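Sequences listed follow chains A and B, in order.
217 is the number of the first residue of the first sequence in the numbering used here; add one for each residue after it.
161 is the number of the first residue of the second sequence in the numbering used here; add one for each residue after it.
Simulated from the structure, these hints should not be mistaken for laboratory data.
Note that this is a predicted model, so its numbers are computed, not measured.
Just so you know, even glycine gets a beta-carbon here, dropped at the ideal spot from N, CA and C.
Hints may contain errors.
[Unchecked claim] So the derived list for chain A, only partly shown, Cβ under 10 Å to chain B, looks like this:
1. Arg219
2. Ser221
3. Ser222
4. Ile226
5. Gln243
6. Arg290
7. Leu301
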Amino acid sequence: MIRFSSSEDIRSWGGVLQARHNVARPQWRDELPEVLAVARHSGSPILATGLRRSYGDTGLNPDGAILDMTALDRAIFFDPDSGILRAEAGVSFDMLLKMLIRRGFFLPVTPGTRFVTLGGAIANDVHGKNHHSAGTLGRWVRRIGLLRSDGLEIELTPQENTGLFGATIGGLGLTGVITWAEIETVRIASAIMDVENIPFENLDEFFQIARQSDGEYEYTVAWVDCLAKGKDLGRGLFTRGNHASKGARLPTKADPKLTIPFNFPSLVLNKLSLGAFNSLYYWKGKRNAGGSKVPIHPFFYPLDSIGHWYRMYGRRGMYQYQSAVPPESERDATKAMLELISAAGEGSFLAVLKTFGDKSSLGMLSFPRPGTTLALDFPNRGSSTLRLMGRLDAIVREAGGRLYPAKDGRMPADMFRAGYPHWQDFAKYIDPAFESHFWRRVGQ
Amino acid sequence: MRLIILGATSAIAEATARLYAAEGADILLVGRQTERLSATAADLKMRGAHSAEIAILDLAQTPGGVDEIFRNLVRQLGGADHVLIAYGILGEQADAERDLSIAEEIVRINFNSAAAWCLAAATFLEEQGRGSLIVLGSVAGDRGRRANFVYGAAKAGLAALVEGISHRFADRGPRAVIVKPGPTITPMTEQFDRKGLLWASASQVAAVVRRAADRGGPVVYAPWFWRYIMLIIRAMPARVFNRMNI
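Isolated chain A (complex conformation) (with noise of 0.2 Å):
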């Protein structure tokens, strides 16, 4: 017999918002419709989540109903020659590759975090540094197991039961509870990567370089100087890589060797020290310019090494600002957003530069589009980060361009509805029972 208890303290990853919440954690598939009906019953809004490192509030149901589905967490089947995976929706990522690298496979698709679930992974439709190869996730599931409040589970495809399909994938959990996915992957040879990094100087030069590496690199990412000003401006680090063809399958070993251990103070973050971090962090990488062999985790998860890295930006949490402009607006939009950022010194560590491929997602909300995408964090300081993203909103706005729901904490309603003109084709489609703190938010 499950039961919700009240959790006073739930966050999602930016930590912005912290609520009381009624949570259940279910250990088996059984025992979900059970859940949904006691849920139901209670009259509260219900939501399922997993490692919860959305960073917004797309994860959040303030006051409602949460299935914690990290216990749902087993492999159902796997067949070596196809790579087809089928497994529960609570598995994380970090659990998938240790089941599929070591038998020379890898997901077709990986955000920047090992620490989130299937379930999860596929409500947000992530993408990786491989948008321009492969596209999103979205488009590697076969199936999913979907339970609605009313106690139906559903089996949904991309060929059958279309528009449920579409709107499950990148749909923020509201469609009803994923139970289970099955997905394909794909062969690697070792869990090595051959990667190149190669420091430009601005923006013109990191187009022209994914535009060149984009055919013959799987995995392109650029770092970018988000403080740097005048004719330093868009100068960073671009990284492309391919698995390497030879070299050991190592099961991975890679818990987070470093842990923030508590929220540092706010003074440490300032104009000065993110300054001279970013400055140092670009001449580092223009001095260890050039080829390496570097293993699959550090690669993919360069933050999942420091545990608990979102306390760095203190009790307040962070904000995350994660655009995406189409082709024809991208460098004037992009050059735009750099320069209202520099000025402002409000920035981060990790401004994470990416050109979007043209592979669409079947998903209603998908975020990816083709162009370019640029992620910052911003520490939370109040209504100056506010104002901040208030004007970078009207550039990506001018631009054509959308936010992505999983980093968002705070986008206008209008906002999000300029970027998702599919979202009332969705609503259709959303289970009444389920609702989240950010669909209250943008959506009604």
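Guided by the hints, dock chain B onto chain A, whose structure is given.
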């Protein structure tokens, strides 16, 4: 490495099985629920188990013949190095005080039936001359408290039994260990208010269980600090203890 788990759908048992799976063990999962056991077995194979099979059995409902059934389980697995006995029910103390049949049920499942399987396993391990019997007890067995003393009494009895088996094994090769977890986040403790710092996860306890199979005394606490907490609680004079609301 071949492992039999009696009560394999318990959260601690499943977490322990995963550790053995990562070592490439052969695992036999015993319990009542076919679907849940099959799901666990499929997952353990993906996590590296050399084999993972299931045997469907209501462990608390075997009137006699336990010895023979246990030998069949060993035959099904093709031998056994470790035996983990992990099932049990918490029950409601208040109900048990009101309705003696509930109290009897708690004692029967947690002590009578578990004791029979312990003894069957002990005989097998002794004949074999090696291997470990690992049994899940509870810190609740260390001192009776008003909140759960029926459950605690059954677990206390089980602890005495396993300590006795360990004594019987002395210098004969096999080992017997009772692992006593403190409060653990599992479905069994779902109804508890989990405020406070001393809650462990099933996988933390599983790591202790896995270690206990290889080394350590006949009584192992999980996590370790419960040994000292329980030392203090046992040493407390009844005058003091009875005034405390713990």
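To see whether the hints hold, each was checked on the structure:
Residue-level restraint check for Arg219 (chain A) holds (minimum Cβ-Cβ distance to chain B is 5 Å; threshold 10 Å). Hint status for Ser221 (chain A) relative to chain B: holds, with the closest Cβ pair at about 7 Å, below 10 Å. Because the closest C-beta pair between Ser222 (chain A) and chain B is about 9 Å apart, less than 10 Å, the hint holds. Proximity of Ile226 (chain A) to chain B is violated relative to the hint, the smallest CB-CB distance being about 13 Å (cut-off 10 Å).
This hint holds: Gln243 (chain A) has a C-beta 5 Å from the nearest C-beta of chain B, less than the 10 Å allowed. At a threshold of 10 Å, the smallest CB-CB gap from Arg290 (chain A) to chain B is about 4 Å, leaving the interface hint in force. For the restraint placing Leu301 (chain A) at the interface with chain B, the shortest Cβ-Cβ distance is roughly 9 Å, inside the 10 Å limit, so the hint holds.
Hint 4 from the list above is the single one not met by this structure.
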